[in-house]
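K.L.:
Starting from the given sequences, assemble the full structure and let the hints guide the process.
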Amino acid sequence: MLARLNATPTPACVETSLQLKEAPLANPSRYDSLRDPDDVGADAAECNHA
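The sequence shown finishes on residue 50 if you use this note's numbering, and the numbering steps up by one all the way, no holes.
One or more of the hints may lead you astray.
Cβ-Cβ distance ranges computed for the label pairs, FRET-style [said to hold, decoys possible]:
#1 R4 <-> P37: 49 to 55 Å
#2 D36 <-> N6: 47 to 53 Å
#3 R35 <-> V14: 36 to 42 Å
#4 P28 <-> A3: 40 to 46 Å
These are computed hints drawn from the structure, not numbers from a lab.
Given the structure is predicted, the values throughout are model-derived calculations rather than measurements.
Each residue gets a CB set at the ideal place from its N, CA and C atoms; glycine is no exception.
P.N.:
Set out below in structure tokens:
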């Protein structure tokens, strides 16, 4: 609580905007590979809902 009394001032705003050079790629199969193959019970319908 005492540290709040000695807090440093907020830094100045940064006025540069960041730009992406490459758009991120979605790879849902990567996440499906993390699933346990024996655990396909009630969640099997949820896997392919999209």
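K.L.:
For every hint, state whether the structure bears it out.
P.N.:
Results for each hint:
1. R4 <-> P37: 49 to 55 Å: The hint (49 to 55 Å, Cβ to Cβ) holds, given that R4 and P37 are roughly 51 Å apart.
2. D36 <-> N6: 47 to 53 Å: holds, 50 Å
3. R35 <-> V14: 36 to 42 Å: Cβ of R35 to Cβ of V14: about 40 Å, so the range 36 to 42 Å holds.
4. P28 <-> A3: 40 to 46 Å: holds, 44 Å
Hint violations for this structure: none, all hints satisfied.
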